[in-house]
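A.B. asks: Just need the whole structure built from these sequences, with the hints factored in.
In the order they appear, the protein sequences are chains A, B, C and D. Counting from 1 along the first sequence, just add 2 to a position and that's the residue number in the numbering used here. Counting from 1 along the second sequence, just add 2 to a position and that's the residue number in the numbering used here. Counting from 1 along the third sequence, just add 2 to a position and that's the residue number in the numbering used here. Counting from 1 along the fourth sequence, just add 2 to a position and that's the residue number in the numbering used here.
Quick caveat, the hints were computed from the structure, so don't treat them as lab data. Hints may be right or wrong, so weigh each one.
What the hints assert, rightly or not - Just some of the chain C residues that point at chain B, by a computed CB distance under 7 Å: (1) Glu103; (2) Phe164; (3) Leu172; (4) Ala175.
To be verified - Some residues of chain D that are not near chain C, with every Cβ distance over 10 Å (derived): (5) Arg22; (6) Ser33; (7) Ala50; (8) Asn58; (9) Glu90; (10) Gly106; (11) Arg142; (12) Lys230; (13) Phe250.
Please read all numbers here as calculations on a predicted model, not as lab measurements. Glycine residues also receive a C-beta, built at the ideal position from the N, C-alpha and C atoms.
So you can see what is in the structure, the chains are spelled out below.
Protein chains: 4
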Amino acid sequence: MNYQTIFDTLASEMADVEDRGHVATYIEALSHVPPDRFGACLIDHQEAEYHLGDSNESFSIQSIAKVLSLTLAYRTAGESLWRRVGVEPSGNPFNSLVQLEYDGGIPRNPFINAGALVICDYLITEMPGVLDVILDLARRLSGNEQLVYSQEIAESERVSGFRNAALVNLMKAFGNIHNDVEAVLDFYFKLCSIKMTCRDLARTFLYLMNNGLQPGLNERIVTKSQSKRINAVMQTCGFYDEAGEFTFRVGLPGKSGVGGGILAVHPQHYGIAVWSPRLNAKGNSYKGMLFLEAFTTRTGLSVF
Amino acid sequence: MNYQTIFDTLASEMADVEDRGHVATYIEALSHVPPDRFGACLIDHQEAEYHLGDSNESFSIQSIAKVLSLTLAYRTAGESLWRRVGVEPSGNPFNSLVQLEYDGGIPRNPFINAGALVICDYLITEMPGVLDVILDLARRLSGNEQLVYSQEIAESERVSGFRNAALVNLMKAFGNIHNDVEAVLDFYFKLCSIKMTCRDLARTFLYLMNNGLQPGLNERIVTKSQSKRINAVMQTCGFYDEAGEFTFRVGLPGKSGVGGGILAVHPQHYGIAVWSPRLNAKGNSYKGMLFLEAFTTRTGLSVF
Amino acid sequence: MNYQTIFDTLASEMADVEDRGHVATYIEALSHVPPDRFGACLIDHQEAEYHLGDSNESFSIQSIAKVLSLTLAYRTAGESLWRRVGVEPSGNPFNSLVQLEYDGGIPRNPFINAGALVICDYLITEMPGVLDVILDLARRLSGNEQLVYSQEIAESERVSGFRNAALVNLMKAFGNIHNDVEAVLDFYFKLCSIKMTCRDLARTFLYLMNNGLQPGLNERIVTKSQSKRINAVMQTCGFYDEAGEFTFRVGLPGKSGVGGGILAVHPQHYGIAVWSPRLNAKGNSYKGMLFLEAFTTRTGLSVF
Amino acid sequence: MNYQTIFDTLASEMADVEDRGHVATYIEALSHVPPDRFGACLIDHQEAEYHLGDSNESFSIQSIAKVLSLTLAYRTAGESLWRRVGVEPSGNPFNSLVQLEYDGGIPRNPFINAGALVICDYLITEMPGVLDVILDLARRLSGNEQLVYSQEIAESERVSGFRNAALVNLMKAFGNIHNDVEAVLDFYFKLCSIKMTCRDLARTFLYLMNNGLQPGLNERIVTKSQSKRINAVMQTCGFYDEAGEFTFRVGLPGKSGVGGGILAVHPQHYGIAVWSPRLNAKGNSYKGMLFLEAFTTRTGLSVF
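C.D. replies: Below you can see the structure in the form of structure tokens.
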């Protein structure tokens with residue numbers, strides 16, 4: 003499969019598509035991103051890299067970082083992790099409190115905000131200096147030693163993060179948060195503010211394409227079963243209220259962020275990241291979803 | 003891969019597992035099924051068949067029939083079908099009215115009861131004698147000319163079907179049901195009462211393993227894209243409130259029924275059906291799910 | 003207190019008020035009512051009558067009839083009635099299914115549609131020819147022997163009554179409806195189609211002003227305790243999602259209907275009925291509520 | 003009406019009633035209250051006092067203090083207050099987040115926790131040193147110069163107050179909280195920790211029996227219209243999820259607290275306070291409600 007040819011063909015096609023999305027504005031610092039950026043990077047099972055557009059420009063990965071925190075928590079806790087968070091799609095907007103109250107403080111899955119906050123709480127308890135631990139892991143997986151989070155964006159998230167504060171307090175009322183509310187929020191906002199390029203993203207999560215073993219590093223990140231299961235959770239829960247739509251149109255497990263990035267994985271074949279800041283009404287990259295749909299249509303391959 | 007050896011090994015292992023499930027009783031006629039039956043049948047991409055236990059005994063396929071009605075509607079309507087029903091997981095019990103009211107009468111997906119009822123309504127409008135049409139299709143796909151529905155079970159469902167009647171009436175209030183309420187319910191209950199064996203099931207849905215082309219018949223049932231998309235909807239929505247759990251544990255697109263049957267598909271590899279009447283708390287076959295989890299673990303293969 | 007003077011003063015004031023309401027259109031036959039009609043009638047504890055405008059023109063009393071059916075059921079069943087329906091405000095739009103599902107098929111109160119349907123079901127079981135029984139009661143209470151229901155409106159309600167059909171079916175699924183769905187709906191739609199004038203209404207419900215004893219007839223309709231409790235339920239539940247607002251602004255127990263009528267009672271003092279067909283966004287008479295607010299403000303008296 | 007005779011008769015009757023309630027334990031400091039205390043005090047329109055049992059022992063008035071904060075806010079803001087909080091019953095448990103999210107951050111009424119927190123936020127903005135202001139008002143109204151709040155209980159509430167913190171954060175996300183989250187919570191917990199005796203309570207709220215004018219002080223606390231409207235809101239919203247039940251059984255506007263106190267008002271007749279610490283399942287005093295029901299039954303008078 004000549005991925006580069008497909009990339010180039012799609013690049014010219016996508017250029018003609020009107021971008022109907024809108025840059026996220028509820029986090030003030032995010033709203034400054036140049037809205038017309040577009041980048042993509044694919045790394046295949048032999049570590050060959052394919053690039054398109056702004057693939058080496060870093061951006062705020064936002065919720066894609068939840069795959070990293072889930073990975074770290076899952077390999078530490080094993081299956082006991084699922085006592086505190088479920089694996090079911092939420093069927094509701096991404097930060098709704100309704101479901102959480104109905105389910106007694108147990109978030110539906112680790113990718114909605116509530117679930118990611120519980121994962122953060124778990125990690126704070128388990129590992130001192132957890133922010134450094136997760137940044138070190140991200141640097142090792144991506145091979146990018148300069149990888150950092152944006153203090154400016156983290157602070158901007160805090161200023162508008164009252165809904166997340168409500169989630170943590172509600173879960174603490176239910177006994178599913180063990181640390182101080184502020185400590186959990188602080189780590190969560192910094193985690194979401196990690197900056198990566200498309201290339202960083204595609205490389206970081208290659209272990210999910212490769213049964214848990216990171217190519218290049220030749221290091222086991224998670225077990226084969228865990229790798230499969232993280233992909234499964236991405237498939238059913240990775241796109242907020244649009245998980246079914248992404249599965250339906252793209253057919254790959256993936257995870258999006260409100261910074262406009264999308265990570266997707268075709269197990270045994272490749273990892274791919276795309277970035278386009280304007281979001282559709284459900285909070286996922288408008289052109290990013292179109293690009294990935296066109297890409298799997300063109301290759302004729304998906305997990306289905 | 004020697005599927006038969008795996009079947010035989012799992013058979014002896016499963017025999018030792020306590021069945022914590024319970025036979026469905028809300029449909030009176032279903033409660034008479036012998037609870038200890040267990041059967042499985044796998045048909046691979048070369049049409050080789052593998053059997054286990056009661057694989058040739060027919061049972062009520064119940065909601066698995068919704069894959070058949072979706073197939074028929076999708077290939078008739080094309081993508082316009084999705085104006086009347088969504089592709090998102092429901093995140094709620096399988097016959098909840100809450101979500102439907104919130105979403106203005108548009109069911110979340112074609113596999114919850116509300117969605118299947120809309121599909122039935124569409125088919126009644128489009129094809130006269132729709133029950134014969136769908137039975138003919140099932141006979142041709144399965145190669146079983148004797149295939150019928152159970153009049154006794156259909157009537158038993160009607161007697162306890164007030165919740166489904168509520169769903170149809172509510173959707174008619176929203177304008178998403180075009181035919182008489184009773185006509186829609188009548189067709190729906192008969193559809194759910196179709197009886198098949200594990201072998202019938204595995205063979206009927208082989209086109210979903212084969213990009214839409216039915217092996218043996220060499221007939222195109224749906225397009226490649228439609229086949230992929232039906233699998234995608236099964237992956238995210240095929241198990242009521244347990245779709246995430248099935249994806250997480252088994253890793254294949256599939257569909258279950260309260261008769262105790264489960265159909266699953268590994269695209270390009272095989273179709274598989276399993277039957278064990280006792281259900282877990284979420285309404286899916288208790289041993290059926292265990293068996294499929296053990297099977298994909300043993301083969302080491304899933305879509306992820 | 004010179005009620006007639008207040009009536010006349012308010013009449014000229016109300017004439018200058020822009021009517022921002024809209025005639026109900028979801029029941030086709032209701033939409034033909036002349037929208038500018040306005041009538042009021044007050045009958046005090048000495049049976050003196052005060053009239054204003056179109057007080058002797060009959061209209062569809064709609065949900066106000068639920069006070070009549072509740073009265074008949076309550077005096078028959080006594081306190082056991084409350085096993086099948088509650089006395090709490092609904093806090094939700096008047097025909098929502100959500101609350102009903104949450105509460106296991108027990109409607110919150112007898113004035114939301116679900117609760118009134120349960121009352122109808124109870125009456126059908128208890129008294130053969132219930133429609134004649136309730137019409138006879140209405141004729142005796144009002145002293146209007148010509149009182150009838152409108153067959154045209156009843157049929158028009160049936161045509162658009164799928165949401166009510168959904169409610170009855172859902173409650174039947176929960177076991178809280180004992181008769182045939184169609185029989186319950188048929189009685190309910192006829193009950194809501196009873197026609198009365200403002201004078202009929204004010205007189206019919208005088209027993210609620212008089213501790214359960216109907217003046218003129220000198221007949222006990224309900225016990226003193228029951229009379230007080232029906233008033234209490236009207237106070238907290240009589241105005242759909244606007245019960246608090248009516249209590250806040252008017253300060254009397256009352257009941258409205260989508261035909262534009264409102265009945266209110268000042269215990270020991272008077273019964274009052276007002277009619278103005280245009281409804282506010284919550285489904286209550288726009289000018290009717292304004293008039294009653296101005297009336298209790300002018301008299302300086304309310305239950306509070 | 004000889005209130006003392008009724009008090010004495012009911013005292014001996016209530017002594018034989020098994021108390022099926024349970025002392026509130028979610029606030030640790032509240033759980034130490036002697037569970038068998040029982041007191042009542044009635045003050046009539048001529049300021050005559052009637053006492054029963056532990057009527058001069060102080061207890062934590064908890065949510066009854068919300069009538070005081072509403073009074074202070076209402077007379078300051080006038081009708082503009084209702085832009086930030088509604089007057090409709092909640093139809094849901096007393097601290098549910100669901101309704102709040104549905105209604106865009108506007109609490110249903112000033113007596114559910116969310117609404118009382120908004121009132122606190124308003125008061126903090128409007129008056130420096132608001133805690134002293136409200137304590138001064140309580141002392142003047144009750145005539146008890148020693149009246150204080152319990153620092154121990156306020157701190158105990160903070161420790162278990164994560165659900166209230168969730169409410170404030172959620173409302174701040176919607177823009178309906180203007181001050182710091184901690185400042186609002188701090189004032190709210192101290193307000194709820196005010197201690198009064200039954201006599202203090204009955205006297206403090208006499209203005210609600212007297213069209214807004216405080217007897218004895220001869221001071222206007224609120225306008226006649228405001229007094230009526232506060233009573234109206236108590237009638238429909240004063241008892242959490244049991245407002246309809248209290249209205250149905252007792253027939254007076256009132257307000258309860260989880261400390262076991264209940265305040266009720268019969269306009270133009272009397273104010274009454276009762277205290278019995280064991281609560282029913284809905285969080286209202288078990289014997290307190292029984293006592294008030296028996297009392298209004300015996301007097302034969304209520305607002306209905």
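A.B. asks: Going back to the hint list, which numbers does this structure go against?
C.D. replies: 9, 12, 13
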